[in-house]
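Undergrad: Residues per chain are reported as follows:
2 protein chains.
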Amino acid sequence: MRPTVDCGRFPIKRIVGDVVRVEAEVFVDGHDELWCRLLYRHQDGADEDDAEWSTAEMRPAGNDLWRGEFKVTKVGQYRFSVEGAVDPFQSWYRDLAKRIQADQDVATELAAGERLIRAAARRAAISGAMGDAERLAQWADTLLHALDRDDAGAAQEAALNEGLATLAVRYPDQSLASRYREELSVVVDREKARFSAWYEVFPRSCSPHQGRHGTLRDCENWLSYIASMKFDVVYLPPIHPIGRTYRKGKNNSAVAEADDAGSPWAIGGPEGGHTSIHPLLGTLDDFRHFVEAAKRHGLEVALDIAFQATPDHPYVLEHPSWFRKRPDGSIQYAENPPKKYEDIYPFDFETEDWKALWEELRQIFEFWIGQGVRIFRVDNPHTKAFLFWEWVIGEIKQKHPDVLLLAEAFTRPHVMYRLAKLGFSQSYTYFAWRNTKQEIIDYFTELTQGEAAEYFRPNLWPNTPDILPEFLQAGGRPAFMLRLILAATLSASYGIYGPAFELCENTARAPGSEEYLNAEKYELRHRDLNAPDSLKSLITRINRIRRENPALQTNQTLRFHPSDNPFVLSYSKASPDLSNVVVVVLNLDAFHVQKSWLDLDLAALGIPADRSFQAHDLLSDARFLWQGSRNYVELTPESLPAHILRVRRRVRSERDFDYYL
Amino acid sequence: MRPTVDCGRFPIKRIVGDVVRVEAEVFVDGHDELWCRLLYRHQDGADEDDAEWSTAEMRPAGNDLWRGEFKVTKVGQYRFSVEGAVDPFQSWYRDLAKRIQADQDVATELAAGERLIRAAARRAAISGAMGDAERLAQWADTLLHALDRDDAGAAQEAALNEGLATLAVRYPDQSLASRYREELSVVVDREKARFSAWYEVFPRSCSPHQGRHGTLRDCENWLSYIASMKFDVVYLPPIHPIGRTYRKGKNNSAVAEADDAGSPWAIGGPEGGHTSIHPLLGTLDDFRHFVEAAKRHGLEVALDIAFQATPDHPYVLEHPSWFRKRPDGSIQYAENPPKKYEDIYPFDFETEDWKALWEELRQIFEFWIGQGVRIFRVDNPHTKAFLFWEWVIGEIKQKHPDVLLLAEAFTRPHVMYRLAKLGFSQSYTYFAWRNTKQEIIDYFTELTQGEAAEYFRPNLWPNTPDILPEFLQAGGRPAFMLRLILAATLSASYGIYGPAFELCENTARAPGSEEYLNAEKYELRHRDLNAPDSLKSLITRINRIRRENPALQTNQTLRFHPSDNPFVLSYSKASPDLSNVVVVVLNLDAFHVQKSWLDLDLAALGIPADRSFQAHDLLSDARFLWQGSRNYVELTPESLPAHILRVRRRVRSERDFDYYL
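Chains A and B are the protein sequences, given in the same order.
FYI, the working numbering numbers position 616 of the first sequence as 704, with every residue one higher than the one before it.
FYI, the working numbering numbers position 82 of the second sequence as 170, with every residue one higher than the one before it.
Mixed in with the good hints, there may be bad ones.
No distinction is drawn between identical chains; accordingly, a pair holds when it is met within one copy or between any pair of copies.
To be verified - Straight-line alpha carbon distances no greater than 20 Å define the calculated PhoX-like cross-link-like pairs of lysine-lysine that follow: (1) Lys186 - Lys159; (2) Lys427 - Lys186; (3) Lys428 - Lys186; (4) Lys525 - Lys487; (5) Lys338 - Lys428; (6) Lys487 - Lys159.
In case anyone wonders, no lab produced these hints; they're calculated from the structure.
All chains, please: the whole structure from these sequences, using the hints.
TA: Structure follows, in structure tokens:
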């Protein structure tokens, strides 16, 4: 059966309204015809095993492959399977036609058929289809009477009634059905799991006055700015009290000055831990107010979940058993030898007291869900127990199937994938380090066309507070434009860490480092959102294009198209019905004009090879009349390093663009 | 884990002496080092679940992939799995080195390490490795003394001892090991399952006197002829009493003459059924004598198992419930509507009395095993219940793991593959209908390089009593030579239906038919084995080449090489160590000389690109000195349509062929 993930061990993922297309190899020994059908049901909480199966037809697609589909209409978890058996009625009907054609005596077969039809009528009646039951019973009667009259001609004619045969096939004998050896699962999320544009902002940097610690109320004043760029998720790094012990200073220095703000990921102080608000940011009321204000701007708030504590976190005193001990009895701080992070105590997920720890961590999610949060960005999930994530995400989504979780893991491929399998709704990727044409083609073909597409939903970030890629450092504003367009069009979900991104901040702490100079992680920042070079209008344009073009709201139709120039990348996306088709062409070189011939796969775009078509650049608003697969492009990095072309096939006349669809 | 078949539902297959190479993706959350190892054990009958696991090392191959292997040394079934866990010792040792290099104070870590080493010593002792236990305990002592003396330098030096660390790694803490979710299986067969050359002969046609029914004793006289051609399996169509009712006449005519011999597959008469010998063939003693004589000639006897009965079979009276009833109460004969086979009653594998039927059928195998038979060719297994085969083959091989079964199924691909998964040791294929270059490349790439290679062992037949392919009908002797060479070199197992094959009988019953005229299935045949045009010397040569060249005794190394001419096919096989490399080049056109440039993949052949090499044609004994990948061939169908080239790389001087290896 397909689709499956790891032989059915993990669920596939879909969005409300999606159609799940199922394929199964179904066959039986011997020459009998068979029936098979798709079973599916939504898992509604406790009574999950008693829920009735819904069924959908499966049709043979040749070579013993059968296909069927069902629509998922509710968030939560569905199960599905396939069942089938030999179908004596169909085998009989098929053979009867052949026998009659060969002029054989079929009296015995007709008598057998009468019994098969009557059995189908009985099954129709049991299933409540009294009308069908009646029609089938009449069919059997007609046949029987003809046989009783010894009227072979009439009996044969009656038996071969195609319409009635089609009806009988609908009521197969299910008593011998065998089922696929596993029930498979689908996790169904709301639309935002697939299509989202994130904006990461540090509330403490939102103060209108340089040097003053920003508050949630200050950050509220930024919402109209963020919303005007048409983002739909505003993601806040941790908003909790920050530890004092071993607090990191500016630029990650080991010793902090008295007024250093510390890293928001160093969670916990005397003022509280993971369910408290940093006093300088405001109160829980302020936070709820922020969530409501965001909602009015069409923004959802995503909170950071970083399961670690500073030495000052209340847990350290209250639950010392939740932390690992060093050989000398002190609590084990985080380290990646020889690096030490003495300001951070990781939780010990294998502690004897794990039940209490895991339950407490679950309650942290519940607490923020109670404050109106439905999206969480989870910090470094790969350093916590896999089993914990599978359990806690299962628990959360059972009660709140609309909750979404983004896994912030930058680690080895199998571990990245595993976290997605365990239940994370979206995942960070290697996008920040995929810059060349071949790297991009290989990686996104893997993510969108392989098994990963069934469970791993990429969320692309051209920058994060921890990652200022070399390409942005070197390439300046053209590089920022390029990486923005790539992120926003390669993937239906993407995000930027702002305002560092739109202001094209690109100074690294040191040569060879991917860390920001004066990183916001360790200090307050104050910026001019109206700086003339800001990319905000480009961002706004791109996010509007994303909203207006369903093609860009999905990844499954991503196709790369050949081009002659190794710096020119071209790919397309299309809505499933091909009513919306977008071709993106980019100059990957941030420094030079690049020209190329494209070789578009017109069939994938739904464009007839022999007709001209319109390519409407949604970025520049230019319209090109193209014909055939070979087309020329020339892209200047400083002005606009890309085309985002809405492709319309010609309907009537090439003289009137309104006739393009 | 790999290799698996259908997620572990079915076993993979191997041969005694094979090495099973296992790959597993093994990883853990966090940054700990881990250990993992391969578990395997032979299943010895009843106490299978108690058997001790043997273990083999697994080594990391990058990207979280680990590899290990074990050798299967006994026929029967093995199980294997992988287990692993985090390894605190290795994590400690890795981190310690980094800490010391960074000049950190490691007193605490050294104390922790001392305890980890001592634990490893304890585990070594428990496993009985007293020497290792002693060395590890001494290591811990040395470390402890240095620590007690506060001699940091000595303690560090002691701790970093690489040899002792390697020793400690051998005794990981298994208490937290987790294991792959399934135990996987390997069915291990004897060599003949992979490498065999079959000769099918009808004993009743072995009489020296035309028109007289041949006997098993007559057939015995043919054994030296068959053995002289270097076959190793002699396969007899059914040797049981043949039914009289509805007996088929010559050329499958519906009415038999009084003296018509009938089809051997119409099993059962008053003289007995599946465990009886046709009286005209001889007695059970004669059969045992035949088996012994064959053994002396280096031949194994393969018997036909055709689970069906004639109306005259003793079962029909004794066990009428084993057959399906027609609506009029008569027993259902075989049919493929509108075709009727009234001389054959199929068994009803779903009868209420199925246990007795299945057990009886199992006893038929046991009976012939009792007469010394270890190879069975099973007729039309796809028309019998899948479950029956899985059960009966499991039962047989549990008691007699040296038994081999060849599935004679010509049906849809998934069904062919399923039968192999259920336990058949070898399988008939679509070879008879794969004639063009691309057909052959596609089909044999699928069989030898895909998942099928793990469980499906092809046995290629250029003809059978039922199949005289169009290509042989049209192409005459050159076509027979070509198809023989293809069968014998593409696959490690092949067979011919003789003497029809070596005598190049190629007259079909009718145009467009693939049935033989005067098919041996329905009548006695009398032939001159010494006919001048016989292919027996070519067959002998080819079978000798197969025996002398290990490359031809396996399929897994099959590689196709490009050639310019669509009628010229080239492929190679190699022994695993590349000590024996064979390149086959064929002219697929039975009518015309064909010339071509070959483009050999020299790396796959183990030939350095910059040196000349010798290509020794084992068919013609010609030797060519070739250099580089491009080489020219010209093949004449009437003389020899192929080269079978033993390829030897040059060792010392091109002047002395003895120096080629």
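Undergrad: Compare the structure with each hint and give your call.
TA: Status of the hints after comparison with the structure:
Taking the shortest Cα distances, Lys186 and Lys159 never come within 20 Å of each other, neither inside one copy (38 Å) nor across copies (54 Å). Taking identical chains as interchangeable, the C-alpha atoms of Lys427 and Lys186 lie at most 20 Å apart only when they sit on different chains, with a minimum of 9 Å there against 80 Å within one chain. For the homomeric pair Lys428 and Lys186, the shortest alpha-carbon distance between copies (12 Å) is at most 20 Å, but the shortest distance inside one copy (81 Å) is not. For a Cα distance limit of 20 Å, the shortest separation of Lys525 from Lys487 qualifies neither inside one copy, at 43 Å, nor across copies, at 60 Å.
Taking identical chains as interchangeable, the C-alpha atoms of Lys338 and Lys428 lie at most 20 Å apart only when both belong to the same chain, with a minimum of 17 Å there against 91 Å between chains. Taking CA atoms no more than 20 Å apart as the test, Lys487 paired with Lys159 passes in neither setting, with 22 Å inside one copy and 51 Å between copies.
In this structure, the hints that do not hold are numbers 1, 4 and 6, in rising order.
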